Every structure is written in structure tokens, then in C-alpha cells.
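Chemist: What follows is each chain in one-letter form.
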Amino acid sequence: MFEINRTTEELLVDYAEALRDGYIPVFLKSLTRQEGRTIATSRQFWDATEMVRVLNSVGFADKTVTPNVSLFMSRVDAQITSRLKKAKAPSQSKAGADAKRITKTKKTEKPI
Amino acid sequence: MNKQLRKALRRLMDPDLECRRRAMESFVRATFEIFIRYLYRYLGNEVECEDVLEDVYADIWEDPNRLRNVTSEKQLLRTVYLYYMRRRLRDVYRRINRNLNLPQTALKNLIAPELGILEMMSQSELRETIGRMLSKLKARERTAIELWLEGMSNRAIASELKTTVGAVKMLKFRTLLKLKKQLQHYHGED
Chain A
1 MFEINRTTEE LLVDYAEALR DGYIPVFLKS LTRQEGRTIA TSRQFWDATE
51 MVRVLNSVGF ADKTVTPNVS LFMSRVDAQI TSRLKKAKAP SQSKAGADAK
101 RITKTKKTEK PI
Chain B
113 MNKQLRKALR RLMDPDLECR RRAMESFVRA TFEIFIRYLY RYLGNEVECE
163 DVLEDVYADI WEDPNRLRNV TSEKQLLRTV YLYYMRRRLR DVYRRINRNL
213 NLPQTALKNL IAPELGILEM MSQSELRETI GRMLSKLKAR ERTAIELWLE
263 GMSNRAIASE LKTTVGAVKM LKFRTLLKLK KQLQHYHGED
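Chains as they are written, first to last, in the working numbering: chain A, 1 to 112; chain B, 113 to 302.
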């Protein structure tokens, strides 16, 4: 899919296409060690990536198909419910453990 | 900021978790489209945008304090990006980071960069500025960018401009740098 030993220009163009078409992870995985170094050290690459994001935002963000908000809302609510449960869970188990400890102590107590 | 959003934000500051949970509905309805378009700048993929946004909203519900002093839509967007979205954007790529030949800082800058020009401008400001900047380009440069924005591949652009794929890549790269300089000039950053 991608060429090998790409120059800064080629890397930038591939990044731009990956961002436009939504396959950034594939682009990231395609980078060789040498290309990674090229990207990390190229000032021009970073300047151009910012411009790519700007153009992506202007050219495509408006064309995105925004999904059904109500449907999405139920996903958010489910996520919140799960976090609420997680937040309550440790306190409940701790309370349970405390209760067990008390009953255990009571059993070992000698009657006066 | 519109009245609905202001009211939703105020209700989000309630210390009671259940009240905040109920307040989330109006907050999500008021901000969903703005946030998803904003995230699209970084992910370029609606499905990923939804997944990230789901976590972002849950994070906001858990700790909305960063939004306490927000007074405008622009400020809201910037604060949400800085304190909620960036963390989640980085999480998306953390799982594949082990197999990447890219230094951690470079990856962070590529996926969830620090606040730049893009984050400082609203969508309408950006559209207006880009339109003005594109009109100042040479015809060939403008055509290359416009065709790319229409979704054409490099090969298709090359055939349209009657040149090679390599030349198109070079032309796009140079034009992007030129546009970036113009954008900086527009912001008086030089």
C-alpha cells in the first residue's frame, strides 16, 4: 500500500491521505525506523501536518454524517452507569468484608 | 454561548452525581455536533470520533470542574480539547504504540498536538481564512489542493494536471507549507 524509504514530502502526503480517508493507524504502522526518525526531526513536516489538519477540518468535517444524538446519548448514559457501578463497587465489597470480620470476631468471643 | 448550553453547563456543576447524570442529556444535545466535527480534525473517521467522544462525555460527567469558568463556545471547545479530548485521543493510539517506529513525543504531536492555530480558530473563521488563502495561490497549486479536498487520489490529480504522481506530492507539500506561512502571517505570528 505504502512505498518504502519515503521522503518527508511523501510521508506528509501519505499522512494527509490517511487523515482524509480515516486510516491513521495504518499509516502509523507503515512507518519504518528511518521514516520515524525523518518525521521526528523534520520541522517542515510538523508545519505541514498542522495545515493538513486545518484543511481536513474545513474540507471534510462539515461533510461528516453526524449520527443520531439520542442513540449516542444512550451510549454515554451506559458508560456513566458503568462508572457509577465501579465507583460504588469497592465501597460495597469493603463494607461486606468488614461485616464478615465482625461476625467472625463475634463467633470467637467467649460468653461471659 | 446560547441559553440552552449555558443552562446545561450550570447544571453540570451540581455536586450530586445523579443530578449531573440527568444534566448530561441537555449538555450532549447542545454540544454533540460541535465536538464531533472538532474531533474529526484529528481522527478523520466518524466511528472513532464517536468512541472517543463517549469517553470524553463520561470524563466530563465525572469531573466537570474544568468547565466551571467557561463563558463562550470557543472557550468551551478549547477547554474540552485541552483537558478531556487530548487524553482520550492519546489513549486511542497508546495500544498500538509498542509496534511503532515513532518516538513517543512525535506520536503525541501527531495525534493530539498542543494548542495551535487550528485550535484557536472557530470553524467559520477557518473556512473564511482558507477561502481567502486559496484564492491567493497560483492556479496549479490551488487546483491540486481543491482536487485533494474533493477526495481525489494523487494519481487522479496527476492525470488532471497532466504530470507525475511524484510531482503532485511535491506540489502539495510545497503548497501546504506556503499555506501554513500565510496562516501564520494572518495571525501575526511571524
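Hints were generated in silico from the structure; no laboratory data involved. Small disclaimer: the values here were computed from a predicted structure and weren't measured. Built from N, CA and C at the ideal position, the CB exists for glycine as well. Hints may contain errors.
[To be verified] Derived Cβ-Cβ restraints for the label pairs, each shown as a range:
#, chain 1, residue 1, chain 2, residue 2, range
1, B, Arg199, A, Lys85, 31 to 37 Å
2, B, Lys115, A, Tyr23, 24 to 30 Å
3, B, Thr255, A, Pro67, 32 to 38 Å
4, B, Pro127, A, Ala78, 29 to 35 Å
[Claimed, not checked] Below 30 Å or equal to it, Euclidean Cα-Cα: the simulated DSBU-like pairs (lysine-lysine) are:
#, chain 1, residue 1, chain 2, residue 2
5, B, Lys186, B, Lys119
6, A, Lys88, B, Lys119
7, A, Lys29, B, Lys186
8, B, Lys220, B, Lys250
9, B, Lys290, A, Lys85
10, B, Lys274, B, Lys290
11, A, Lys86, B, Lys119
[To be verified] Which residues of chain A face chain B? A few of them, derived with a C-beta cut under 7 Å, are:
#, residue
12, Glu3
13, Ile4
14, Asn5
15, Met51
16, Leu71
Chemist: Just tell me: holds or violated, for the beta carbon distance of arginine 199(B) and lysine 85(A) against 31 to 37 Å?
Modeler: 22 Å, violated
Chemist: Would you say the C-beta atoms of proline 127(B) and alanine 78(A) sit inside 29 to 35 Å of each other?
Modeler: 23 Å, violated
Chemist: Has the given pair, lysine 29(A) with lysine 186(B), been kept, meaning a C-alpha gap of at most 30 Å?
Modeler: Between lysine 29(A) and lysine 186(B) the Cα gap is close to 34 Å, so the pair fails against 30 Å, i.e. violated.
Chemist: Hinted pair, alpha-carbon criterion (30 Å max): lysine 220(B), lysine 250(B). Please report holds or violated.
Modeler: 34 Å, violated
Chemist: With 7 Å as the cut and Cβ atoms as the points, is asparagine 5(A) at the interface with chain B?
Modeler: Given a least distance of 13 Å, the restraint on asparagine 5(A) is violated.
Chemist: Verify the CB-CB distance for lysine 115(B) and tyrosine 23(A) against the hinted window 24 to 30 Å.
Modeler: Cβ of lysine 115(B) to Cβ of tyrosine 23(A): about 40 Å, so the range 24 to 30 Å is violated.
Chemist: The hint names leucine 71(A) as touching chain B; please verify it with the least Cβ-Cβ distance against 7 Å.
Modeler: 10 Å, violated
Chemist: Are threonine 255(B) and proline 67(A) spaced within 32 to 38 Å by their CB atoms?
Modeler: About 34 Å separates the Cβ atoms of threonine 255(B) and proline 67(A), which means 32 to 38 Å holds.
Chemist: Please verify whether lysine 274(B) and lysine 290(B) have alpha carbons no more than 30 Å apart.
Modeler: The hint holds at about 22 Å.
Chemist: Quick check on methionine 51(A) please, does its C-beta sit within 7 Å of some C-beta on chain B?
Modeler: At 4 Å from the nearest chain B Cβ, methionine 51(A) passes the 7 Å test, so the hint holds.
Chemist: Has the given pair, lysine 86(A) with lysine 119(B), been kept, meaning a C-alpha gap of at most 30 Å?
Modeler: 29 Å, holds
Chemist: Just to be careful: measuring from the Cβ of glutamate 3(A) to every Cβ in chain B, is the smallest value less than 7 Å?
Modeler: Hint on glutamate 3(A): violated, closest Cβ of chain B at ~10 Å, above 7 Å.
Comparing the model with each numbered hint stated earlier shows that hints 1, 2, 4, 7, 8, 9, 12, 13, 14 and 16 do not hold.
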